[in-house]
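Chains as they are written, first to last, in numbering that gives the first Met the number 0: chain L, 0 to 634; chain V, 0 to 299.
Keep in mind that a hint or two might mislead.
Unchecked claim - Result set (BS3-like, lysine-lysine): computed pairs, CA atoms no more than 27 Å apart in a straight line:
#1 Lys-290(L) x Lys-52(V)
#2 Lys-21(L) x Lys-46(V)
#3 Lys-555(L) x Lys-25(V)
#4 Lys-268(L) x Lys-52(V)
#5 Lys-46(V) x Lys-308(L)
#6 Lys-117(V) x Lys-102(L)
#7 Lys-223(V) x Lys-235(V)
As the list claims (entries may be wrong) - Derived list of chain V stretches under chain L, where covered just means 3 residues or more per stretch with a C-beta under 8 Å from a C-beta of chain L:
#8 14-24
#9 121-129
Note that these hints are calculated values from the structure, not bench results.
All C-beta atoms in this analysis are idealised placements derived from N, C-alpha and C, irrespective of residue type, glycine included.
Given next are the chains, with one letter for each unit.
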Amino acid sequence: MSPAQNTKAAATRPAAIPDSQKTLLRFITCGSVDDGKSTLIGRLLYDSGSLADDQVETLVNDSRKAGRPEGDLDFSYLLDGLSAEREQGITIDVAWRFFSTPKRSFIIADTPGHEQYTRNMVTGASVADAAIILIDARKGVLVQTRRHGYIAALLGIKHLVLAVNKMDLIGWNRETFESIREVYAAFARKLGVETITAIPTAAPTGDNVASKSVNTPWYSGPTLFEYLETVQVETDLQAAPFRFPVQWVNRPSQDFRGFAGQIAGGTVKPDDRVRVLPSGREATIARVVTKDGDLDAGVAGQSVTLTFKEEVDVSRGDVISSIVHPAGVSDQFEATVIWMGDQPMLPGRPYMFKIGAAMVSGSLAQLKYQVNIDTLEHTAARTLTLNDIGVCTVSLDRRIAFDAYAENRDTGGFIVIDRISNATVGAGLLHFALRRSQNIAWQTTSIDKKVRAAAKGQSPCVLWFTGLSGAGKSTIANIVETRLHALGLHSYLLDGDNIRHGLNKDLGFTPADRVENIRRVAEVAKLMADAGLITVVAFISPYRAERQMARDLMEKGEFIEVYVDTPLGVAETRDPKGLYKKARAGEIKNFTGIDSPYEPPEHPEMRIDTTSLTPEQAADRVIEHLRQIGILGGQ
Amino acid sequence: MTALTHLQRLEAESIHILREVAAEAKKPVMMYSIGKDSAVMLHLALKAFHPAKLPFPLLHVDTTWKFREMITFRDATARELGLDLMVHTNPEGLAQGIGPFTHGSEVHTDVMKTQALKQALDANGFDLIIGGARRDEEKSRAKERIFSFRTPTHHWNPKDQRPELWRTYNLRINAGESVRVFPLSNWTELDVWRYIRLEGIPVVPLYFAKERPVVARGGQLIMKDDDRFPLAPGEKVEMMMVRFRTLGCYPLTGAVESDAATLDGIIEELETSRSSERTGRVIDHDGAASMERKKQEGYF
Ligand SMILES: Nc1nc2c(ncn2[C@@H]2O[C@H](COP(=O)(O)OP(=O)(O)O)[C@@H](O)[C@H]2O)c(=O)[nH]1
Numbered sequence: 000m001s002p003a004q005n006t007k008a009a010a011t012r013p014a015a016i017p018d019s020q021k022t023l024l025r026f027i028t029c030g031s032v033d034d035g036k037s038t039l040i041g042r043l044l045y046d047s048g049s050l051a052d053d054q055v056e057t058l059v060n061d062s063r064k065a066g067r068p069e070g071d072l073d074f075s076y077l078l079d080g081l082s083a084e085r086e087q088g089i090t091i092d093v094a095w096r097f098f099s100t101p102k103r104s105f106i107i108a109d110t111p112g113h114e115q116y117t118r119n120m121v122t123g124a125s126v127a128d129a130a131i132i133l134i135d136a137r138k139g140v141l142v143q144t145r146r147h148g149y150i151a152a153l154l155g156i157k158h159l160v161l162a163v164n165k166m167d168l169i170g171w172n173r174e175t176f177e178s179i180r181e182v183y184a185a186f187a188r189k190l191g192v193e194t195i196t197a198i199p200t201a202a203p204t205g206d207n208v209a210s211k212s213v214n215t216p217w218y219s220g221p222t223l224f225e226y227l228e229t230v231q232v233e234t235d236l237q238a239a240p241f242r243f244p245v246q247w248v249n250r251p252s253q254d255f256r257g258f259a260g261q262i263a264g265g266t267v268k269p270d271d272r273v274r275v276l277p278s279g280r281e282a283t284i285a286r287v288v289t290k291d292g293d294l295d296a297g298v299a300g301q302s303v304t305l306t307f308k309e310e311v312d313v314s315r316g317d318v319i320s321s322i323v324h325p326a327g328v329s330d331q332f333e334a335t336v337i338w339m340g341d342q343p344m345l346p347g348r349p350y351m352f353k354i355g356a357a358m359v360s361g362s363l364a365q366l367k368y369q370v371n372i373d374t375l376e377h378t379a380a381r382t383l384t385l386n387d388i389g390v391c392t393v394s395l396d397r398r399i400a401f402d403a404y405a406e407n408r409d410t411g412g413f414i415v416i417d418r419i420s421n422a423t424v425g426a427g428l429l430h431f432a433l434r435r436s437q438n439i440a441w442q443t444t445s446i447d448k449k450v451r452a453a454a455k456g457q458s459p460c461v462l463w464f465t466g467l468s469g470a471g472k473s474t475i476a477n478i479v480e481t482r483l484h485a486l487g488l489h490s491y492l493l494d495g496d497n498i499r500h501g502l503n504k505d506l507g508f509t510p511a512d513r514v515e516n517i518r519r520v521a522e523v524a525k526l527m528a529d530a531g532l533i534t535v536v537a538f539i540s541p542y543r544a545e546r547q548m549a550r551d552l553m554e555k556g557e558f559i560e561v562y563v564d565t566p567l568g569v570a571e572t573r574d575p576k577g578l579y580k581k582a583r584a585g586e587i588k589n590f591t592g593i594d595s596p597y598e599p600p601e602h603p604e605m606r607i608d609t610t611s612l613t614p615e616q617a618a619d620r621v622i623e624h625l626r627q628i629g630i631l632g633g634q
Numbered sequence: 000m001t002a003l004t005h006l007q008r009l010e011a012e013s014i015h016i017l018r019e020v021a022a023e024a025k026k027p028v029m030m031y032s033i034g035k036d037s038a039v040m041l042h043l044a045l046k047a048f049h050p051a052k053l054p055f056p057l058l059h060v061d062t063t064w065k066f067r068e069m070i071t072f073r074d075a076t077a078r079e080l081g082l083d084l085m086v087h088t089n090p091e092g093l094a095q096g097i098g099p100f101t102h103g104s105e106v107h108t109d110v111m112k113t114q115a116l117k118q119a120l121d122a123n124g125f126d127l128i129i130g131g132a133r134r135d136e137e138k139s140r141a142k143e144r145i146f147s148f149r150t151p152t153h154h155w156n157p158k159d160q161r162p163e164l165w166r167t168y169n170l171r172i173n174a175g176e177s178v179r180v181f182p183l184s185n186w187t188e189l190d191v192w193r194y195i196r197l198e199g200i201p202v203v204p205l206y207f208a209k210e211r212p213v214v215a216r217g218g219q220l221i222m223k224d225d226d227r228f229p230l231a232p233g234e235k236v237e238m239m240m241v242r243f244r245t246l247g248c249y250p251l252t253g254a255v256e257s258d259a260a261t262l263d264g265i266i267e268e269l270e271t272s273r274s275s276e277r278t279g280r281v282i283d284h285d286g287a288a289s290m291e292r293k294k295q296e297g298y299f
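For reference, chain V alone in the conformation it holds in the complex:
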């Protein structure tokens, strides 16, 4: 007898979680953020329900500030796989022209991401929302449950979360309450990449190093993805060999200098030089405690 490998065990666990969701939720939805974690989650979901189609739609909250390559990738993926993809943008935010350059990261994230997400969830009455967060992403996520319960106003009450034993999850909720579920909880960033390599899962090309136009700002390298990027006096656009470790709104996502242009290159880079993944997320720099606050407010 041979033991299952590490990646096989993670895969089997995630599939099990996704099937519990399909069996018990009234109206589930999978958040699709186009990044590597979403790619793996989608891949696992396709495996979980094969040969049936996904028993839930995908939801992308589009802030209108995502990298253009992400949107191209999203639409191509949806088309190729025949996915039921919903895209939601906060109409009020759009009308007011909210954006990170004009209103700052905090307001932008609140209006275009947090509020937009709540709108989409409320309008559709989703009771179970599948997300791609991992416990290794950040120190404060280490104690996160796989299933996270929210009040009817999407608030997260840290004192009211359920113990998770074996693989026996309690998904029962009262009317109006909802659950966030994270099937990749036990995966690390390296696991995700190794699995992408093993399974040949397509990802957005922005993860691979390439010459890209970037501006050094606030200790980060921000890519000039379109003409909405206002240059401050003295700033200039430089072509640099960079890649991204996480993807989001382009003005809020720092690039890292890298030569890793292949999956092997990325994995080797992560194995040797190690800086934590979230250093490239502008939004996190307000400190770890603010992450808790954002979550209590309903940020994913």
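The shape of chain L in the complex, shown without the other chains:
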């Protein structure tokens, strides 16, 4: 088709809609390599007249160079920018493409169908209203095709269109088309997707893409363009209960206090009664403010600023919500988690969670199961690695407002952030709150930590020794405790090896178990400090994140990190228990320093260089430090 014909095709479509009424459809395209995805997207851009003249020229030239006859264009060349970048090792998660027809504007999330597939598709699908799933008519419904449908449905896409492509290569066979459609519709019903639309296409020639194909007289459904131009864009959210995650408190002067955000569900108007969550305080809307004047009503999708008639405390991360159908509030949830980090997910490790505008620390507990995205089977798993999907409990350090993801993407979707690198390592979909912790109130005891410590005449603290195996932690810690005892002080030494004989004997040495090991010890240390004891902990504790978690559990100034700094070579020659030898021989797996990492502290309270100090001298230094910071009296 020449560009001239192309313009004509565009002109036969319905008359242009003015800018003030044109809507937007965001969709994702999914296909396996060579199904014709690039060709189809190229075709959409070309047929909508969205390509620049120089791009069309390049397209014509490239196609001719590739030995194609005049007028036969290879549209996959258009998107070749991506393959070049792939060769340069640049990761592309989603490529965004834009086109518009006289009726609508479109944003395509084009996800490369290779290695990082799940992560990429989840990212693209999270902002899509619809999904085009490509099928090679010769191959029918493949494992990948089901995977695409599963992820689209999981992320809440309600409109699936099946482009049964390469119909020319099966002689436009109607039976094959119908059977593909039926197989997929049955599968989609299992996913909870009510309707799918299947369209028989041939991407290179544009059959049933922009115009009805003469090759499919038996097909009476829409062309792909017709489908995309008319599919109902989400107005459902406007009918949903009112939700307004507060992004920013706008307070330019004493006279104005507004809450800025984007309406995530429903509508809002002056005099509406609302509830601020998680606090539960109620208020009345005074104004729906925009720079273009106050609105009579704000609807889902709009960015506005709300003011209240009453003085009510609201901060970033709160959700202003309908009073009739308020959002839920909890700190424990069941959620589906999609892992996106290079390091595996570690149950129990503290991560940051961002949901709406709320940033909360918390952790993911043991997995209930992992989902095999090809078979949809549930399998047992201890951790999730890159591109895995699983269901588990999310425990947050404070309560937040939320909805089930299926009800509202904005108040039910969250991201998981690594606390050290700050990378986004996961995405999650909340299902429901677990009531467990809510029903267990904290029991206040009459005798508190201060009283217990006073009875012992001391200030409690946690001396946390970290370092490689054989660094000298236990030896030094033991001398320190002997000195404390001699001073008449009450202490307790928690030693890694000893605890692993009892409390932690169910744990091994995988990263996940190491995290749980430290979590339990940190909790025990906290109880002991609460009992008024000077608590000495001697654990390898190889990860910064867990030492930070232990630090965060204690009161300010109570946690004293002592880095027993012994080079690996030195620790290995000491090898008091012969463990390094075994690890080198491969008899012990996951040994710190050999095949499992040790992350040294960045700012420990004390660093002890055991190559220049004897254990006694080291212990003296620790005692001296305790004196300096006032834990020990000046005797």
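Once you've looked at the hints, dock chain V with the ligand against the given chain L.
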């Protein structure tokens, strides 16, 4: 219920992004390049924080080679809107008399733009820099994130960028790191013009066709904006009906012949004849891969 329009959705998204920046950044700044994209971005920012003033300053990196009309427009805009506008020029480059005619586009851009930008960012400790780039500008921008992370030396590590889900952006950074954010990522050139028309946003008059003095050089029409323009033997200045699709340093910005003297004219021109926007940028002609390189080096 009626669905929001295309432009309403883009507007709401950009405002949301700007508010996330204001809420999470320690020291944000908005790059103001005086062009149409900056005009739209500024307009959106004013909406995002109304009735408060902008919670961040604007920064213009002045290479001293911008069109004169741009500078006039910049100063008038800052005055009328009461903006906190910072202007930075690389003092060493200025002292050495660096310019595109004498030192070539590559050196000029590196010293007066890239280095100057780094100086301004480092001197002020800005951690979050708002820019007006769009994904449709160029093929290689299609995969760009809205939030782009830079090391303390402003380097962009393509392997270390974050997935962006829903509208839940992760803006956490470690000390010294910085973020570039592009609130107009999902806008196309036509969207920008349609929005300018819908909202009545003022733009530099250079975008509208007018008789201007130009010189044909290297396949481009370069406007003789001042006396620093040296004419090569055989070159002559002609008055032609031209306009600009992008604005930058005048010796590096090609004009296009056009009759589009109004917003309707510009939009109609873009809807019918379509050549890509960046063909008028002399700097891009070194190829798309060089764009990637420039970005890794810290070019915006
Ligand atoms: N005969 C025929 N070939 C097609 C069709 N769609 C795509 N192709 C060809 O299949 C090959 C792979 O297409 P491409 O768009 O690169 O696939 P992608 O990997 O999914 O992006 C190319 O040579 C296309 O020309 C079709 O409907 N019919």
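Coverage criterion applied to the region 121-129 of chain V (partner chain L; beta-carbon cut 8 Å; 3 residues): violated (count 0)
Lys-268(L) paired with Lys-52(V) [C-alpha distance capped at 27 Å]: 25 Å, holds
Is Lys-21(L) close enough to Lys-46(V), meaning Cα to Cα at most 27 Å? 22 Å, holds
Lys-117(V) paired with Lys-102(L) [C-alpha distance capped at 27 Å]: Roughly 44 Å between the alpha carbons, so the hint for Lys-117(V) and Lys-102(L) is violated.
Verify this for me: three or more residues of the region 14-24 of chain V with a beta carbon less than 8 Å from a beta carbon of chain L. With 6 residues close enough to chain L, the hint holds.
Taking only the CA atoms, is the gap from Lys-46(V) to Lys-308(L) under or equal to 27 Å? 22 Å, holds
Satisfaction of hint between Lys-235(V) and Lys-223(V), Cα-Cα up to 27 Å: At roughly 10 Å apart (the allowed maximum being 27 Å), Lys-235(V) and Lys-223(V) satisfy the hint.
Given the hint that Lys-290(L) pairs with Lys-52(V), does the C-alpha gap stay at or below 27 Å? 12 Å, holds
Lys-555(L) paired with Lys-25(V) [C-alpha distance capped at 27 Å]: 25 Å, holds
The structure fails to meet hints 6, 9 from the earlier list, while all remaining hints are met.
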